[in-house]
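Undergrad: Spelled out, the chains give:
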Amino acid sequence: MKNKTALTFLVFALVTLALGILFGLLASLQYIFPTFIKSVIPFSKMRPFHVTTVISWIILAATGSIYFYMVKEEKLSLFSFKLPKAHLLLFLATGVTIYFSFMLGYTEGREYLSFSPILTIPVLLGWILFGLNYFKTLRKSVKNWPVYYWMWGTGIVFMVYHLCEAHFWLIPSFKEHFVKDIAVQWKSYGSFVGSWNMLVYGISIYIMCKIKGDEKLARGKKAFFFYFLGLTNLMFGWAHHTYIIPMQPWIRYVAYGISMTEWIILAHIIYSWKQSLSIQKQEEYPIAYKFLVVADLWVFLNLILALVFSIPAINFFTHGTHITVAHSMGTTIGINTSILFASLFFIASKLKPDFTFKKIKQYVTLYNVSLLLFWVVLLMAGIKKSHWMYFTKNVLFSEMQESLFYVYIAFFSFGLLLVISILRIITPLFFVFIKNIYQNRVMIKDEEKQAVL
Amino acid sequence: MNIRKNIAVIGVLITFFCFYNFLIYTSKEKETPVKLSKKAIKGQKIWQDNNCWSCHQVYGLGGYLGPDLTNIYSTKDSNYIKAMLNSGIQSMPKFSFTEEDKEAIVAYLKTIDSTGYYPNYEAIIKPNGWVELKYKDEK
Ligand code: HEM
Chain A
1 MKNKTALTFL
11 VFALVTLALG
21 ILFGLLASLQ
31 YIFPTFIKSV
41 IPFSKMRPFH
51 VTTVISWIIL
61 AATGSIYFYM
71 VKEEKLSLFS
81 FKLPKAHLLL
91 FLATGVTIYF
101 SFMLGYTEGR
111 EYLSFSPILT
121 IPVLLGWILF
131 GLNYFKTLRK
141 SVKNWPVYYW
151 MWGTGIVFMV
161 YHLCEAHFWL
171 IPSFKEHFVK
181 DIAVQWKSYG
191 SFVGSWNMLV
201 YGISIYIMCK
211 IKGDEKLARG
221 KKAFFFYFLG
231 LTNLMFGWAH
241 HTYIIPMQPW
251 IRYVAYGISM
261 TEWIILAHII
271 YSWKQSLSIQ
281 KQEEYPIAYK
291 FLVVADLWVF
301 LNLILALVFS
311 IPAINFFTHG
321 THITVAHSMG
331 TTIGINTSIL
341 FASLFFIASK
351 LKPDFTFKKI
361 KQYVTLYNVS
371 LLLFWVVLLM
381 AGIKKSHWMY
391 FTKNVLFSEM
401 QESLFYVYIA
411 FFSFGLLLVI
421 SILRIITPLF
431 FVFIKNIYQN
441 RVMIKDEEKQ
451 AVL
Chain B
1 MNIRKNIAVI
11 GVLITFFCFY
21 NFLIYTSKEK
31 ETPVKLSKKA
41 IKGQKIWQDN
51 NCWSCHQVYG
61 LGGYLGPDLT
71 NIYSTKDSNY
81 IKAMLNSGIQ
91 SMPKFSFTEE
101 DKEAIVAYLK
111 TIDSTGYYPN
121 YEAIIKPNGW
131 VELKYKDEK
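Same order as they appear, the protein sequences are chains A and B.
With full-length UniProt numbering, the residue at position 86 of the first sequence is 86, and numbering never jumps.
With full-length UniProt numbering, the residue at position 3 of the second sequence is 3, and numbering never jumps.
One thing to keep in mind: the hints can contain errors.
Said to hold, decoys possible - Calculated Cβ distances over 10 angstroms to all of chain B for the following chain A residues:
1. L26
2. K75
3. L92
4. V179
5. L217
6. F226
7. L231
8. D296
9. K352
10. Q362
11. L373
12. N394
13. I434
Unchecked claim - What follows is a set of in silico ranges between Cβ atoms, one per label pair, in the way DEER data are often shown:
14. G129/B to G105/A: 40 to 50 angstroms
15. F391/A to G129/B: 18 to 28 angstroms
16. Y25/B to A93/A: 13 to 23 angstroms
Said to hold, decoys possible - List time: in silico DSS-like cross-link candidates among lysine-lysine, alpha-carbon distance up to 30 angstroms:
17. K102/B to K38/A
18. K126/B to K45/A
19. K126/B to K384/A
20. K5/B to K38/A
21. K216/A to K42/B
22. K361/A to K290/A
23. K140/A to K126/B
24. K94/B to K28/B
25. K175/A to K134/B
In case anyone wonders, no lab produced these hints; they're calculated from the structure.
Even glycine gets a Cβ: it sits at the ideal position worked out from N, Cα and C.
Can you build the whole structure from these sequences, using the hints too?
TA: Next comes the structure, spelled out in structure tokens:
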């Protein structure tokens, strides 16, 4: 395999990101003008479009990066060079089918996976092919796995499991028991996010090692300690979504205990954050490094938020408000997307070492600032709703929403700035990848010609 | 790190995970858990097919453009719910459901209502950060 398949994953990742944020923007418009164009862009379509599309961005970008690193950077000879192509085709064909089915109104699924459950089958198959190739390749050619290989492998396996678990509602004994059903549904979503975090955080450790030129980061006891802690949280830490559901108290106790272990991660981040400020190696990969620093900052902010509302007494007030959205968008943009940008810029500078990213520097700043404001606005909307729920009486829902009018305008405006900055940031990446795919094709054709001659 | 050690740690975690999953998958929130009737299951399907969840929450989970509907059945009533579906309101579209479909949605919302409270106004917040929920049918 030349790097064509990996880069094609990345090109489609960028396309889904661009589409996904535009859907988000359209969804947020409904907050300002509830009745205006509700028949053209109903929130009930835009929200699932948005969420499914941006999740695809994370998955495609992570997958493409991992294939690229395995083949081009680590020069591993894959168990099969055909399977990644099949994987790509499966994902693309399913993606296109999902959009068509959405447009035709087939949304039989639930929250994050709102498409027809049947379309999960090809997605699962894609992951299984990925896993097969991944483990067969590594078993053959890598002896002592650094932590990122463990993380990627774990991410793939648990992705398969939690995708299945997210569809347990199809089984009558789950569907019929409302409380269990809703608990398992949100358990699976929590762990689903944990699974892609394994892929994305693994990528961040990988590029940190490469930028620093130091593999120790991925081999020490500490690295593995965090990996195991992350895995424990993936398995058992989902339940801050569900404190409020009347499940058995012990399930809620376990969740409380486990999520408190994340304090350890926080303490560590503060510690190494201070240390990382003095690193010199940054000049070689300026933008990749910058995005890692950005991600670090967002880990810090979001972890504080998540830890605070992992405490049931606080969760009680924040749950069911836009504070949850601040958490989910704060982490998927601030952490996941920033790390994936770092990865894509790292790859781009490998493909085109003389590439200058000076022109987008201001846009990275815009990305940060608008995201911060976007996040703060969501928190404000959440606080207002919480206040309405618990500390007011006889105020209608619609009155509460109306009082947030200017907050929602700010939400839309900062969202717009965020969209502009993201589109500007990904444009050069897009062209570098496309050009490289094209050059590869020409190269392969030339090789074939020569072989014939 | 030693590969064997890693696999051992992962093995222990996975064993706990299996056990824990087993408990959750077979757990009952009380002796006789609330079960959805056939009609309510049909209501649930309509709820999903029409993405009611994208604007509404149940136990605070869902989309946030519209209000939470966990206890709508007991705070309002079935006629109110049906009227909402007929007319649409603000960003909520008008739905042209048959009477039977509307009955099914009401049955679904009624079942949800019978499982508990949200917001749980009578919950007790403890000084150690724990929240004791008020459960339905609790004396
Ligand atoms: C990389 C960029 C983005 C990512 C990864 C992302 C991710 C997400 C996720 C995961 C959710 C689900 C939240 C939940 O269920 O708690 C969500 C909801 C949402 N996002 Fe985004 N988002 C992005 C950009 C945007 C932008 C630019 C806008 C524009 C204003 C936007 C508007 C929305 C809206 C309106 C919702 C629904 C919130 C609700 O139910 O009230 N998103 N997004």
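Undergrad: Identify every previously stated hint that the structure contradicts and give their numbers, smallest first.
TA: 4, 7, 16, 18, 20, 21, 23, 24
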